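Just need the whole structure built from these sequences, with the hints factored in.
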Amino acid sequence: MITFITGNKHKVEEAKEIFNNFNIEFKYMDLGYCEPQGTLEDVAIAGAKYASSKLKKSVIVEDAGLFIRALNGFPGTYSSYVQETIGNTGILNLMKGFDDRYAEFRSVIGYCTPKTEPKTFLGHVKGQIAFQEKGEDGFAFDPLFYIEDKGKTFAELSIKEKNQFSHRRNSLKLFINWYKDNFTD
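Numbering (the working numbering), first residue to last: 87 to 271.
Don't take each hint at face value.
[Claimed, not checked] Between beta-carbon pairs, the in silico distance windows are: (1) K143 to I172: 29 to 39 Å; (2) N179 to D235: 19 to 29 Å; (3) F184 to L117: 31 to 41 Å; (4) F269 to Q218: 37 to 47 Å; (5) F269 to F184: 43 to 53 Å; (6) E170 to N109: 47 to 57 Å; (7) G173 to K113: 27 to 37 Å.
If you're looking for bench data, these hints aren't it; they were derived computationally from the structure.
Treat the numbers as computed from the prediction; the structure is a model and nothing was measured.
Just so it is clear, CB atoms sit at the ideal spot from N, CA and C, and this is done for glycine as well.
The structure is reproduced here in structure tokens:
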């Protein structure tokens with residue numbers, strides 16, 4: 087059983103589907119923790135250390151961000167704050183006049199036990215920033231994140247479709263494979 091620390095119901099929905107695909111049981115808990123300024127790895131490590139120490143058991147924490155090349159990686163580690171303040175409309179305004187629409191979603195899983203140092207697992211997916219929002223599914227920047235070979239934004243995909251290749255799926259898959267190799271028969 088894996089304990090996933092998050093207060094984001096959308097992440098829980100995606101994670102549930104991914105864990106089910108790998109036949110791993112998980113539960114989630116909204117513990118709340120202070121996020122340090124730094125990289126996605128820094129946030130995942132700090133959150134995992136705090137949660138495993140407080141709960142006295144092994145946990146995972148996930149931090150994710152949208153990194154846009156034309157904006158020098160912005161919003162990156164500030165993705166949640168940027169989503170809350172300027173939202174998708176603000177990102178579209180910042181992208182006006184840019185031909186380079188390349189972006190990556192990155193996800194880092196931090197795993198920690200009360201007796202070990204945290205371990206991280208980085209997953210990413212490449213895409214483009216769309217010229218307008220498209221789709222009703224997903225959350226946050228999903229209506230802007232266009233996957234060329236799918237011909238759709240994340241928000242135009244079902245959770246099942248998105249979970250076949252998303253950044254979160256990629257980081258969780260790395261974690262799950264490592265976990266199965268080290269902690270299951």
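Hints not upheld, ascending by number: Violated hint (a single one): 6; every other hint is consistent with the structure.
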